[in-house]
Amino acid sequence: MRGNFSTITKMFSASVVAAGLLMSAPAKAADDTIKVGILHSLSGTMAISETTLKDAMLMLIDEQNAKGGLLGKKLEAVVVDPASNWPLFAEKARELISKDKVAAVFGCWTSVSRKSVLPVFSELDNILFYPVQYEGEESERNVFYTGAAPNQQAIPAVDYLMSEDGGSVKRWVLEGTDYVYPRTTNKILEAYLKAKGVAAEDIMVNYTPFGFSDWQTEVSAIKKFGSAGKKTAVVSTVNGDANVPFYKELGNQGIKAEDIPVMAFSVGEEELAGLDTAPLVGHLAAWNYFESIDTPENKKFIADWHKFIKNDKRTTNDPMEAHYIGFNMWVKAVEKAGTTDPDKVIDAMIGVSVPNLTGGYSTMMPNHHITKPVLIGEIQADGQFETVSRTPGLVMGDEWSDYLPDSKDLISDWRAPLSCGNFNVATGKCGGKGTN
Amino acid sequence: MTFIRAGLTLLFLLATLSSSGAGEADLRGIIAKFATAKGFSEIGAVVHELAAAGDPAVERPLAALADGNLYLRKADSLVFVGKEAGESVQLSDPLSGEASGEAAKDDITKIKVNNTLRRVIRDALGTLTLGAKDPAVRIAAADTMFKTPDAANIGPLDAAIASETVSSVKALLEQARAASVLVSDRPDGDKLAAIALIGARGDRDAVSLLTSVEANSTDAVRQAATAAIANINSTLAFWDAGQNIWYGISLGSVLLLAAIGLAITFGVMGVINMAHGEMVMLGAYTTFVVQQVIRTSFPGLFDWSLVIALPLAFLVSALVGLIIERGVIRFLYGRPLETLLATWGVSLILQQAVRSIFGPTNQEVGNPSWMSGSFNVGQLAITWNRLWILVFALAVFAILLYVMKRTPWGLQMRAVTANRRMAASMGIRTPWVDALTFALGSGIAGIAGVALSQIDNVSPNLGRGYIIDSFMVVVFGGVGNLWGTLVGAFSLGIVNKFLEPYAGAVLGKIVVLVLIILFIQKRPRGLFALKGRAVEA
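Chains as they are written, first to last, in my numbering: chain A, 1 to 436; chain B, 1 to 537.
The following block holds chain B by itself, in its conformation from the complex:
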């Protein structure tokens, strides 16, 4: 592969040196060869030939090929770039991009690509797009060339470094050049300088590159590479610990979201609510329905879908919670065993109802653009969806805390929890406080469902996965105490994520469970015990 790439870049160099490039007719001739190419290796050969032509115009057909958008019209074996539009495909010229009409899907064949071919195209485009106007494209090109170093890249990179004006891109280009120097036959002095430059980069790609250099080079270079790897690895070990903490916080925020509604229904009211997970599921399905409506009627609003879904999910789950409380639970206060069985039954009914309405398969809930992808803090990759879920969980917690501590309703809720008869004597309508509290807890579970739909399956079984964890968090944190739920969720998350790399996910979970059992033996009321009905019962 390296050999081919070297040849390819050499050809590119020759082409740029002769400065004329290939004529458009030549390019069309090469593109026409796609029609007769059989199998991936022959298509790969055409790609090489096209890239070797060195004309920036080939970026269009090559990018289209990598994306699977290059088509062959069966009638006349002409190659087009296609864009799917419903049942038909809109064709355009591969070089000029001029529209060339439409074709039915049956009349054209897609030119197939596989991973190997996509990588070849990416490498070829890397060299071609070094001079692109968009800095992001240049960064991508530098990145590609860093990962696939080649001695023949040094020339084009030198030229690109000389004309580069953005300093961050320039640094990346220099690293890519250093990588290429390492695989060339330049003197050791150059290579040592290159190792220093790459060592300063300090990420896993650098380790990967230096490891392969270490394996096949002379003594001085090898020692320098070994030292650089050791150096990077010690820094990375530090980042690994930071990564575990971040993953733990992130898992903790998911646990908090799942448990916070239960902290109200179970924690404050003392209802063993086995249907809690299904409230989460209803929230997730509300998100799905909202996205369906947006997709079909208002595609422009897609990025707002979660914001729109939040109040709706709250209302749907709160309403269902209200119906459950009025219809079932209020007859069972003070009878925990019956409540457990009844809410278990309700959870099965809800699951099967959703299964009958939406079908048993997973539903696709898309991520809005601001929740996709990741960004780097040092060597730590933080994904946007996890970050937003953390922010969201803390916001929900803060709002709930405010409602409980600072509003008259919260006061009544706490009064009923602390002493029902006294509260009733003071004129509080305890049955309604019960109903609304349960609805609030369910509604909170619903908005948790909106967030969880972003990282988990939206299927009728969604709630099942969270119910045990939720109870664990609430019991561990101390029944009836919101702060306990917060601390419980984050400590369980972090402990879990620190154990996982060493013990594996399965054993890690078992260890956490054992630790909780031991802890509950020691402190039966959890981290922060609270006096109230739940404790007295």
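Only chain A is shown next, with the shape it has when bound in the complex:
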């Protein structure tokens, strides 16, 4: 049996190699186009979120071409499918840069996929635009983070809940999926809450596995925790598919938003599309963009999206806006640099300012994070969010959290002469370490 099995493995690996060779047949090099890589999973678990971003990128590239392209050349999208498989992300990134010679890559969703492509981007010196809210504690020369850092989402959300408008919450449940983003975010939030005078016994932290579907025990624990006579709220970093059964269980066990509101960081319009939202009215989410935002830019974006995707029921969401901002910033930086050479574009990116969809401008900061407004929205019966609070100005992304002991002394500034992603202001040296 053993011999038999190894023959099969050999045959299998041989066919995989053969398939790989077939797929890597040299692509036609065309000098009159600029290639843009799109690295989003089109199959596997993450396809649910990432396919939309691939479509959004195709739309943005189409629109840019209709405007006459870039530097007199047409843009050409190169779409690859890393299939929700983290090591495959690195392989596909390498393929995009070395073989297809793309000028920049837009992609990744989960932090682990981003971490897996980082070495490829620094080795081959290319640019990655990362559009999703993440845990921070990172700043790389080759990556531009257009999603929210924790201080652009988590901290303002908790501030809102503590305010009188948000219900003066005194007791906190931090509920998350068990992986790096929720764990780091909750670590930051716990430190932040304690700094604000919340006692340790008023914080409950709980983690569940990916794709968790039986929430009965967790929801009843939340109910129990909430019956201590103090206003309680849940801060949820529950990811992806696990949200639907979570909200269904909340609704069924009769937890109303007026009593125990749930503030979510990973639930957007897209996730609500698979849910009957009537029992969820009033539960909250913190983002930098909502589809319901009433600005001319956003109306046009939604109309274009519906036209492009040929379905006027499809929603728009925050990571789509992040790609919109990131792509326009890249276009502007390329025009400013006069070339698509990644080295020059990386330098030209800092300081570039483009309109966002919420009626303002977002600017790329020297730490490769952008400025954004922070919005708090309540879920409505029609599956949209109604903005109930908005930061007065723009919030600058803070990559190294001030609330974690390991990273509070670190800053990032990619401008010469500092050019360092983790400069330690206490020791005056580049190369400090964060919590990751």
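These are calculated hints, taken from the structure and not from any lab test.
Quantities reported herein were computed from a predicted structural model and do not represent experimental measurements.
Note that the Cβ used here is the ideal one computed from N, Cα and C, for glycine as well.
There may be inaccurate statements among the hints.
Reference listing, derived: stretches of chain A covered by chain B, where coverage requires no fewer than 3 residues with Cβ under 8 Å from a Cβ of chain B [to be verified]:
{"no.": "1", "segment": "67-78"}
{"no.": "2", "segment": "212-222"}
{"no.": "3", "segment": "237-245"}
{"no.": "4", "segment": "275-281"}
Following the hints, complete the assembly by docking chain B onto the known chain A.
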């Protein structure tokens, strides 16, 4: 907040005492203020003013505001209650409810509410609706007043208790009154009586209330509250254990549903069917399609959607199962490794096919009204969807058991499993029995999908989440034995749910897996071993 509420109720009292209430013109004047109110605090002020008018007529605009149905017409700044009807909104008068025409969505603005405001409205409505005709509304009012006790509520509650005729509502009103007494400056004797009354209620809300009383009151009252809390908590600990058992049974029923089809294809036939989860997914998508058709063409039948979906889901999954068996698996009998790879491939094809047809996003499958909400048994909240899924899982199990043990087809199936060559010699067409058995297993997985669509995501990945658990249940229970699957599913469910509160969901799952591995080492054939082809292979 308490201060505002006290003031509000006081005003209400004054208003009712003067018995005339505010005139309709006054109310309209107050409602008109919504047009100029900026921000939630100003809207909240208008709500207070409206509630303080004490006229039951304000219930309509306030309820509409809480539901987000109060609108402002941009042209003349008049306030209306609106009901969305497609692209336009049907307007009606906020007080009388008379229809006032339609307006396009762009011509009106919604008056925004947030959670805090909704709570203020709910409290205000609580006092106003104490005298409502519908007992359910009175119960809701009593419940609200219990959760937000206020000394000023005692008067209205006394009046309501005196005129209440339904004894269950009366008990709730008395508890609400007791709660209000506890936060008032009444003598300790009254408070001790109130604590006894609330202690008898014995639920988490009572603990919540008594905890806040415990923190700020005099010695005698504090001791009584502490004793009452300890008393309730010891009762609740008992209910907690009951709750864990119920959750375990409920999880077990989900595991049973997911695994029962596999108990046939893998258990009885010995086919390692990695595409089993996708059969479940196809069932869930059939439910989605059925609901779509019902929503667009026969909205009145929505509550029947699951019943209609059941036979269709069975047929769809059984048909796909039949095609897989005839097209792929029958060439691979006796070659488990190839079967595993081939069915894995089939599962990927099915997933991607569904993704291409329906898109990668979750599809909304609604819960019929009889599957929403929960009811209480003592201190145990049982959700209807979980209860129905349990009933359904047991029904499917019973039917399957009947088919296997009491029908000629079941006999042939078991004969082929026990000894294929002997069965063939007796004239049984074994290839067809194989095909139909596989179709039956797939069809059962399909109807499991109908049930699981009620508690889980309907997405192309639905099946992925259940495949490992299903194999675990079948292997643990004993391959080839339906009873083993039943016992396996429920014991795994209950063990899991007892571990979860202590170890957390992640660690709990790991512990269960380790326990199963140890168990399989000891008894490789699972709980109930059976002789048959699967065992011999």
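Structure-based check of all given hints:
1. 67-78: Answer violated; 0 residues pass the 8 Å Cβ test.
2. 212-222: holds (count 8)
3. 237-245: holds (count 3)
4. 275-281: holds (count 4)
The structure is inconsistent with hint 1 alone, although it conforms to all the rest.
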